[in-house]
Every structure is written in C-alpha cells, then in structure tokens.
Amino acid sequence: MSLPGNAMDSLSAALKCNIIPNQEYLLQGSVLDQYVEVLLHRLRGLCDNVDSGPESFHDHEICFSLRIPNTAASTPMPMSIFSLRVRRALDVSDTPYQLRYIGQQELGDKNRPTVVRSSIDMACSSTILEFLTELGCRIEFEYIARGYMFRKGRMKITVSKIFKMGGNKPESVEPISQSYLVELSVLAPSGQDAIGEDMRIFAEQLRPLVQLEKIDYKRLGNIM
Amino acid sequence: MSVNISVEAPIENQIQEITYDGTEIYQPPLTLSESLAKYAQKIDFSKTELEIKKEELNEDSKSDTDSKEAFQSSLWPWDSVRNKLRNALQEVCVLADVLAIAKDKRYLVLDPVQQETLETKPMVQIYARKKALAGAASVLLAGSEKMKNSQTEAARSRTTLDFHIELLRLRQNWRLKKVSNTIIGDLSYRTTGSKYLQTGTFEVTKAEDEEKTNSPPSSPLPGSTASAKPTSALRVSIPSELQGVAYIEVLCQKDQEDLCTANLTLLGSGAPPTNPDMHWQQKLEAAQNVLFCKELFNQLAKEAVQLQAPVPHMVVGNQIMATVLPGIQLIIALRHSTSSDKKQQNPPPSKSDHDHVLEHSLHQLLREVHHKNTHHPFPHPATGPLGPSKKRMLAGPMAADRYELLEMTKTQTLLEQIVQQAQHFIMRMRTEYVLDTIAKEVKDPLITSHWNTLNSPTQSCVKIHISTHGYDAVCRTPLIIHVGEKSLKCICRDGKVMNMSYEPQELRDLIFCHINQHQILAVQALAKTMGWQALGNSNHLGTGTVEPLGNASSCLLSSPTGDRIIAVRCEPSTDTQVSVAHSPRQDFFPSRLVTERKWEHLGGQFRDVRLDKMEGRNFLHKMELLMASLTSSS
Amino acid sequence: MQQREEKQLESALDSIIQRVNDLKQSIASMIFKIENEYETINWPSFLDNYALISGQLTTLTKVLSHDKCPVLRNLTVLPLMLSPERDEQLAQLTEHRVTTFAHDLCPDYLRTKLEPVAENKMLQLETKALGLQYDNAQKQIATYQKVISHVWDIVSKAREEWESESSSRGNTQQNSSVADTHLLVAAVGMGKGLKMGPNPNGQTNPTSGGMMVTPGRAGGPPGPGQMPPTTQAMSMNKAPAGIKTNIKSAAQMHPYGR
Chain R
1 MSLPGNAMDS
11 LSAALKCNII
21 PNQEYLLQGS
31 VLDQYVEVLL
41 HRLRGLCDNV
51 DSGPESFHDH
61 EICFSLRIPN
71 TAASTPMPMS
81 IFSLRVRRAL
91 DVSDTPYQLR
101 YIGQQELGDK
111 NRPTVVRSSI
121 DMACSSTILE
131 FLTELGCRIE
141 FEYIARGYMF
151 RKGRMKITVS
161 KIFKMGGNKP
171 ESVEPISQSY
181 LVELSVLAPS
191 GQDAIGEDMR
201 IFAEQLRPLV
211 QLEKIDYKRL
221 GNIM
Chain E
1 MSVNISVEAP
11 IENQIQEITY
21 DGTEIYQPPL
31 TLSESLAKYA
41 QKIDFSKTEL
51 EIKKEELNED
61 SKSDTDSKEA
71 FQSSLWPWDS
81 VRNKLRNALQ
91 EVCVLADVLA
101 IAKDKRYLVL
111 DPVQQETLET
121 KPMVQIYARK
131 KALAGAASVL
141 LAGSEKMKNS
151 QTEAARSRTT
161 LDFHIELLRL
171 RQNWRLKKVS
181 NTIIGDLSYR
191 TTGSKYLQTG
201 TFEVTKAEDE
211 EKTNSPPSSP
221 LPGSTASAKP
231 TSALRVSIPS
241 ELQGVAYIEV
251 LCQKDQEDLC
261 TANLTLLGSG
271 APPTNPDMHW
281 QQKLEAAQNV
291 LFCKELFNQL
301 AKEAVQLQAP
311 VPHMVVGNQI
321 MATVLPGIQL
331 IIALRHSTSS
341 DKKQQNPPPS
351 KSDHDHVLEH
361 SLHQLLREVH
371 HKNTHHPFPH
381 PATGPLGPSK
391 KRMLAGPMAA
401 DRYELLEMTK
411 TQTLLEQIVQ
421 QAQHFIMRMR
431 TEYVLDTIAK
441 EVKDPLITSH
451 WNTLNSPTQS
461 CVKIHISTHG
471 YDAVCRTPLI
481 IHVGEKSLKC
491 ICRDGKVMNM
501 SYEPQELRDL
511 IFCHINQHQI
521 LAVQALAKTM
531 GWQALGNSNH
541 LGTGTVEPLG
551 NASSCLLSSP
561 TGDRIIAVRC
571 EPSTDTQVSV
581 AHSPRQDFFP
591 SRLVTERKWE
601 HLGGQFRDVR
611 LDKMEGRNFL
621 HKMELLMASL
631 TSSS
Chain C
1 MQQREEKQLE
11 SALDSIIQRV
21 NDLKQSIASM
31 IFKIENEYET
41 INWPSFLDNY
51 ALISGQLTTL
61 TKVLSHDKCP
71 VLRNLTVLPL
81 MLSPERDEQL
91 AQLTEHRVTT
101 FAHDLCPDYL
111 RTKLEPVAEN
121 KMLQLETKAL
131 GLQYDNAQKQ
141 IATYQKVISH
151 VWDIVSKARE
161 EWESESSSRG
171 NTQQNSSVAD
181 THLLVAAVGM
191 GKGLKMGPNP
201 NGQTNPTSGG
211 MMVTPGRAGG
221 PPGPGQMPPT
231 TQAMSMNKAP
241 AGIKTNIKSA
251 AQMHPYGR
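From first to last, the protein sequence lines stand for chains R, E and C. 1 is the number of the first residue of the first sequence in UniProt numbering; add one for each residue after it. 1 is the number of the first residue of the second sequence in UniProt numbering; add one for each residue after it. 1 is the number of the first residue of the third sequence in UniProt numbering; add one for each residue after it.
A hint or two may mislead.
Below, simulated EDC-like cross-link-like pairs (lysine to aspartate or glutamate); rule was C-alpha separation at most 16 Å, straight line [claimed, not checked]:
| # | chain 1 | residue 1 | chain 2 | residue 2 |
| --- | --- | --- | --- | --- |
| 1 | E | K121 | C | E126 |
| 2 | E | K103 | C | D14 |
| 3 | E | K105 | C | D14 |
| 4 | E | K390 | R | E174 |
| 5 | C | K192 | R | E174 |
| 6 | C | K7 | E | D79 |
| 7 | E | K121 | C | E115 |
| 8 | E | K390 | R | D51 |
| 9 | R | K214 | C | E119 |
| 10 | E | K84 | C | D104 |
| 11 | E | K390 | R | E37 |
| 12 | E | K372 | R | D94 |
| 13 | E | K131 | C | E126 |
Beyond 12 Å from chain R on every Cβ pair, some chain E residues (computed) [as the list claims (entries may be wrong)]:
| # | residue |
| --- | --- |
| 14 | D104 |
| 15 | H376 |
| 16 | F378 |
| 17 | L386 |
The set of hints was computed from the structure by calculation and includes no laboratory data. Think of the CB as a built atom: it goes at the ideal place given N, C-alpha and C, for glycine as much as any other residue.
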C-alpha cells in the first residue's frame, strides 16, 4: 500500500516543479447587448480557427460556501468563509461537473497587466453536489452563464450573458444586466508572468469595444 | 492743407487693408513657385557655380552690406524673394517701432481726433479682391492640372502592374508585416499548427531596379520589348534553403538486390522549371512546399530515430529506411533540387516506382497533425481548462485506471502510421497476387474475387467466390478476406474465422483447402439433385498418405437404388480421386470369411475412375455424367 | 468712461504690438533661411514659412477687427517732442533701430502715404473703377456677391462635412458601460444580486429548489426517481429538505451512468 504515498510524493514534486497550472491570469470587461455582434465578429477575426463558427456554451454555476470557525481568538472574524464553485454544462451531455476553487485575487502594482488568482479545478461527477452538502457547505448563490468562447493560443475568451435563477421556478431565468460579461483568462503554472503581457496586447486589440481591465473585487464590494 | 503731419487712420487703414495688401504681399511667394520651379533645374546643373556663390554669400552674410547684395542680385535666384521680404520686414519694423514708441507715450501718443467719414469704393474693392482670388485660383488650378497630368502620364507609361496593387494581392494570400523599411512575409505553417522551427520568411521588394537594368539594352529593339510578358512589379526573395523544388519520395522496395538494379529517371514527375521570372505566387507556393517537405522529413527522421522497431529504422542523409515486412523496405527520401545545382545534378536514381499514394498520405498525415495542434476541443463547462480532451476530462469522475490513462496518451507517430499504410499496401498487393495466380492456375473451380471499392488506408476487404462453371447454382463457396496491416483475416463459409500472417503462402494454402472442400460439397450437392444419396463425408480424412498441407477430404455417395457407390477423395496437393463400387457385387467368391452369398450386398471392391479420360468440361460435369451412367445402368 | 477707453486702447495696443512682433520675427527668420539655407531648403518647409506669415497676418487682422479693439481710425499719432540726444530706452524699445527721436527721422515714422507699389496698384484699380458706370458697377457688385456667396456656401458645406467626419471618427460611441461591468463582475465573483433575499438561518435558501432540480433537466429526462416532497421529512435534521431530496434525484440523474 505504498501507492497513496507515491501519489502524494509525485503531486508535491509536480508542485515543486511548477508544472501544475494553478494560477489564473484574468482580465474582465463587458459589452452592451447591441454591440455584442460586433465583438463576436472581431473575435472571430482575431482568434484561432473559428472557421466552424464560435463555440457556444450554456453553463450553470453554483457557489457553495463553508464556514469554518476560527480557533485562533485573535482574529476579528469569528468565521472564515471558504467558497467552492460547481459548474456544469447544460448544452453538452456527457460532460463532467467541474469543481473549482478560486483564491484571493492579487491585483499587484500598475506594471502587472492582469489580475492573478490561484485557481484549482477538477472534473467530477454530479454527486459533488451531495458531497458538498454533506460536508456542510451551503449554497451561496447560483447563476446561468450562456454565451460564446474563443481561444487564441493559451488565452481563452468568454463572452457570456449572466442570468439569475428565477425564484422557485427553474425555467424562469432573467438576465441581470443589459451587457455581456467578457473575460480573458489564461490558466498557467505560477511564475509565468509573461503571458500577462500577451493578454494586455490582446485586450488592447478589443478596445474600444470592450475595456478589459483588472477589476478589484474589494473595491466593488464597497461601491455596490 | 495739412501742414501738421497727422499720422492717423491711413496707418491703421493700411493695416486693415493688409488682407488686401497682404494678398499682394502673398503674391510674391506664389509667383515664386514658378521661379523656384524654373530655377530648380538650374540649381541641379550649376552646382559648382552655386557653391562659389555660397561662399560669397557666406562672406556676404557676415558683412551684410548693400553693395555686395547688389553685386549678387542678378546671379542669385532668390534675390527678388529676399528683397520683397526685406521690404516687408522694413515696413513691419517701422510699424512695430511706431507702435512701441506711441505706447511709451514719451515721444508719440495716440490722440483721438474727429474722423471724416470714410469713403468706400466698392468697385475698387471688387477689383482688388477679384485679382487676389484669381491669383489664388490660378495657383490651385495649376496645381490640380499638374497632378492630373502626372497621374495620366503615370497611367499611360505603366506597362507593369503597380507595385501597391501587387502588394495588395500578395497580402490577400500571404502573411506580411513591415519591419522598419522592409516588408517581410511568412510562408511557414506556424499559424496553422506547425511547430517546425525553421522560419519561412521572405522579403518583398520592388522590382524596379532590375527592370531598369534590363530596359536599356532592350529598348533599341522594339520587337523584344513588345514580346516581353508582363513582369510583376513585385519581387519576392526567398531564403536559399527554401528555393527550388522539393518532394518526398516514397518507395517500397523488396530485398537488397533490387537496390542497384533499376535506374529509372524521376524527372518527369517533379522538378518544374525554376526560372527566376516565375510569378511570385508560384514561387512562394514552391517555397512553401519545400518548407512543408522539410518539416515532414524532419519529423519522420526524428521519429525513426526514436522509435524502437524490431528492425531498427535507418536514417542516412536524406533517406529513411524502415522495414515494413521481412524483406521489404519502405524508403522515404527528401528530394530537393535547387535551380543552381540542377544543371550538373543527375536525376536521382530511382529503384522502383515512386508511390504517389503513400506520398499523398504522408502529406495528409502531417496536415492532420497541424490541424490537431490548433483545433483543441473547447471545455464544457466553459471554465474548464483548455487542452485536455473530453475523454481526459471524464477520466477523473469515471475513475479511469492507469491503463486507460496510458491508452489515452498513446498517439501514433507519423512514421508508424505510414509504415502501417505501407504494410497494408504490400499486404493488399500480395493478396491480389495470390488470388490472381490461383485463379490462373486453377481452372476447374472458378475463383472470382471482388474487391470492395471503399476501404481505409489500412483496411480493405475482398470477397471470394469459388464456383464451378455451369454449376454455380448448385454450389458456391464464399469467402471474405479482410486485409489488415500485417495479417489477414478470412471468414469462411461456415462462419469460421481464420487469422493468417503476412506470408502469402498461408493464404494460398487456405484457398486450396477451400477449393477441395468446395469440390466435395459441390459433388454432394450435385448428387442430391441427381437423386443420389450422400452416405458420409469428411473434410479431414485421417487415412491415406500424409498431405503436405491440410488434410484430404472425401465423401461417399450411393445411387438411388443403392447398388452403386461412388467415393471421392480430394487432396490439396494431388488431384481428385474417384472410385466406384457395385453392390451387390457382381463377382462373388465364397471365402473362408465370407461364406454366404447374402454378404454380396456389402458392396464390392472400389475401382478407380480415370477422370482424365472421361468426357466432361470439368470435375462436376464428369461426376454428373458418371452418376448418370451409373444410375441408368442399374 | 475715458479711463475705460484708455485701458481698452492700452490692451489693444499691447496685443497688436505682440502680433506685429511675431510677424516681424517670422519674416526675419524667413529671410535668414533664404540667405543661409537656400541650398537645402525644400518646398514644403518653404511653404510652411509662408503659411506661418499669412496666418500671422490673419490673426493681426482679426485682432484689429475685434469688437474690443477701439476704432484706430479715430486716433492720430501725435508727436510730443523731438530730441537730438541718444535715448537708450528708446533704442532698447526699438531694438536699436531708433536711437534718437530727432527731426530727421520722425517724419519717416509719421508717413501717411501708402507704399509706392501699393499706391500704384490702388491707383490702377481706382482708375479702372472710375471708368465704370454706376449702374454697371452695381450690377457687377451684385453678381460678384452672388457668386462669392455661392462658392462660400459650397466651401463651408464641404468643410462642415469634413469636420463632422473627422469628429465622428475621433470620438467613438460608448460600447460598454462601466456600471454593467462592475455589476456583472460582482455578480459572478461575489454573488451580488444573485442571492435570493435574506435568509437568516442560512438553511432555507429559496434558490436551492430551483438549482437542485436542474441537473435532471439537463442531464436527461427527469427520471421517475424524483421523490415526492412528503417523504423528505425524515432527513430534515441534517439538511434542508429541498436540498437533500433533490440531491438524491440529481444523483440518480447523473449523466454518465456507472
């Protein structure tokens, strides 16, 4: 039974060698509904092999949170909240659910072109929902994202409409704004900051249609 | 009247009229345009003279005396301009001084006075303005006229296509970018997924300079210029390693001895002329093809070295040798002929026919690799990582084991794939050959084979019918043979599946066995139609001499009344033997064992029938005749 | 009143002097250029210099015809005193062109006559104008006015078009809204606006029903395994009823069967 030990060893070795893509480089923006066609057109021109048309997606995401009581008395917060996201495709069958942990985002200084946050994701089966609930996680919020995705090299660009789940009726979903969310992201092992520059250049090409920027969640929390 | 010199309105008036006067002052530069144009040529031709003048001028500007200016006035082209400007400067200086002094209020002051009404002269103004406008208009018109002229002139004199138009066309088909002052293009397959390191950059230049060097000698001969084909205004320069023509030669070769036998030339298939005047499109396409072939060969050579084949692959120079089947080699060679060494280069000695199908397959395989490199599946849900296939994504939740994961990572190299295709190609050829020769050798049961028209590069299928002429309704034996890469699979009439290796002899043996079986089965089927009864049959007869391959098969038939018995024995190696016995036996001799006459119903001695002496087109026909005669005689 | 007028005059004079000095400098620099760089000077820079001068002339005229500018026609230059002595201040004021304001120089500065060349031209024009009859002249003026106003219309229209075109290219329309960006990012990142109402005990989340049923919706036909709500009561103590049961149905529904 030395196998689990071996697995742990190889995992830590992989972590040490920095080959696990666990950093997400991210830029976000939005485009008004009436200009989304223009944006898609431009993306088709800029991105890799879209000869078969843009790839559409229709996903459902649920954010779970787990409250862990802090044992250390010195911390001001009695609980620390740990959130996990479960996402699944609604339009493609036979795809796994995806469990994802997104860490605190680092904005860095002005010279850093993108937000960097740690991101660990894994494919899992639908029992993950039950599993998380059994663990004591509870549903924080959920939404439907529907839109298109593109890729350019290692970069992934998603243009998605965010829908709010409508009350108790699962069929009624309503868009939460008159805009599409545009995200430009790359998943890479830590330390590969050069990709940020590529992303900045790409984002530059989408201006002024979309302003892809580093957005500070903390500041958003204060604004809204 | 006015003894007191009153400097008053006129000064201001003059200033106000400066627009009009100003236009008058503008006029010199406008007229100068002509003078400058006139003198421009002069400046070119009389450079030395000007230089002398320049020196003088330098002295002149140092001393700046009027006398020297006067001395120069007739010689210096800018003189009138300068004088007019000087006058203007003087006037402006005076104005500035007066204003400055007046502002100082020590010597002069501006004092308000009663002003008589100003007399306006509209016609004077109109004339002045007309003149001014006419001046401006003439300048504009002359300018536009000049531009128009030069445009038409250029259009008329332009025999070759415009560089920029050509560039536009080039840009529609090729990737270009501007690097400082040069235009660099890229003909590599990088954007479509190639990972080959060699760059495919080319440079785009104007073709003018070469045309200029060409045109003077050709101009005395009017005929030659007319016959010259429209040359492109654009020139592409391709790195030397991509020039010329390249192709990948693929050939399958049997045994070493064949290496030095045939010396066919292969010039016919490739090497289109690589003249320097080739259109850029063809030139670039050729260069791109060279690059592609190089990448392909490079990839194959890399794989050949890495792959652990039972018989190691050999890479020598521009040639890869892989053993496909024992005794058969696949040779892949990169043939690259540049225009420079074409003259002295002998056509590459070719051993056997170049396989165009395999060459095409190779191209296709590399393009598939390129396609795969760029066409990654998109993740669903959308936040998933880019790259892993859907199968990989499901591996976790499906709890795939190590073996399954390893299977997922396995990919076939190009060389493996092409070797497989070559193997299949050889196998197909061999199967065809075996079937054809058997069909030629064996006349009695007819052997027909139907090849499926649809097949994959590594799979094809042939259907074989064994039947006898005139009796195909009575009995036919179908066989299906799947030709794979290194093996054959035969599905027999009874549903048995036989797997065979690549050796053609095995197939041959199998077919012969089936011929025997067919004969026995056919005889029995025939007997049934004749009212005879099959007493028994065996496909694998244990008696008799040992056969070199398989077993003899036999059957026993009895006539409707049961008084005649025919025994048929088929041996793959020898011919069929047919014997006949009578029952009751016509000759009964009581012996110590068989004492009574009733035993005569046991049937008598079998006697061989000499089939070759019998009448009949084929075995079944003879058997039919034999049975018919035996039936009637009873 | 007078004070104000004087002040106005003062400031007008200042600006005129400034413009005139500008003009003077550019003419001087052009002369310098012609004298020193005539070999290397090219047409564009040559014409640029002229354009500069003509632009300065235009601004000068504009200053003069400005509303704030007092009517200079009603002013006269009045010499107050003459002095044969050299005046340093004066020299400084006039860049050493005028060192003494004496009798020999002063009249030159008080000249009212036009420049001979200009006067000549004016005279020519006047004589030409005199040769015309009044009616004829009026007619010519009228047609001239008409033609000019027509051309003016065309030119100003073209200019308007150019300007509107360039301005439309310059400022692009708004394609995205920052507020929407923030709204969306906050929603996706923190669930702002997606959480359904306040849920004090954190157990009865009204969205849970909707979201938990959805697996069945997408993964295939909602199976018969969906339990009726009445059977859920026993698992109440562990998790909210809706969640628990629906998870079960989701588990039954999961798309890749084992």
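Each hint, compared with the structure:
1. E:K121 to C:E126: Given that 16 Å is the threshold and the Cα spacing comes to 8 Å, the pair holds.
2. E:K103 to C:D14: Roughly 8 Å separates the two Cα atoms, so the pair holds.
3. E:K105 to C:D14: holds, 13 Å
4. E:K390 to R:E174: Roughly 30 Å separates the two Cα atoms, so the pair is violated.
5. C:K192 to R:E174: Measuring from Cα to Cα gives roughly 15 Å; hence the hint holds.
6. C:K7 to E:D79: Violated, at about 44 Å.
7. E:K121 to C:E115: violated, 19 Å
8. E:K390 to R:D51: violated, 21 Å
9. R:K214 to C:E119: The hint is violated at about 72 Å.
10. E:K84 to C:D104: violated, 25 Å
11. E:K390 to R:E37: violated, 29 Å
12. E:K372 to R:D94: violated, 22 Å
13. E:K131 to C:E126: holds, 13 Å
14. D104: Given a closest Cβ separation of 56 Å, the condition holds.
15. H376: violated, 7 Å
16. F378: violated, 4 Å
17. L386: violated, 6 Å
The structure fails hints 4, 6, 7, 8, 9, 10, 11, 12, 15, 16, 17 (numbered hints given earlier, in ascending order).
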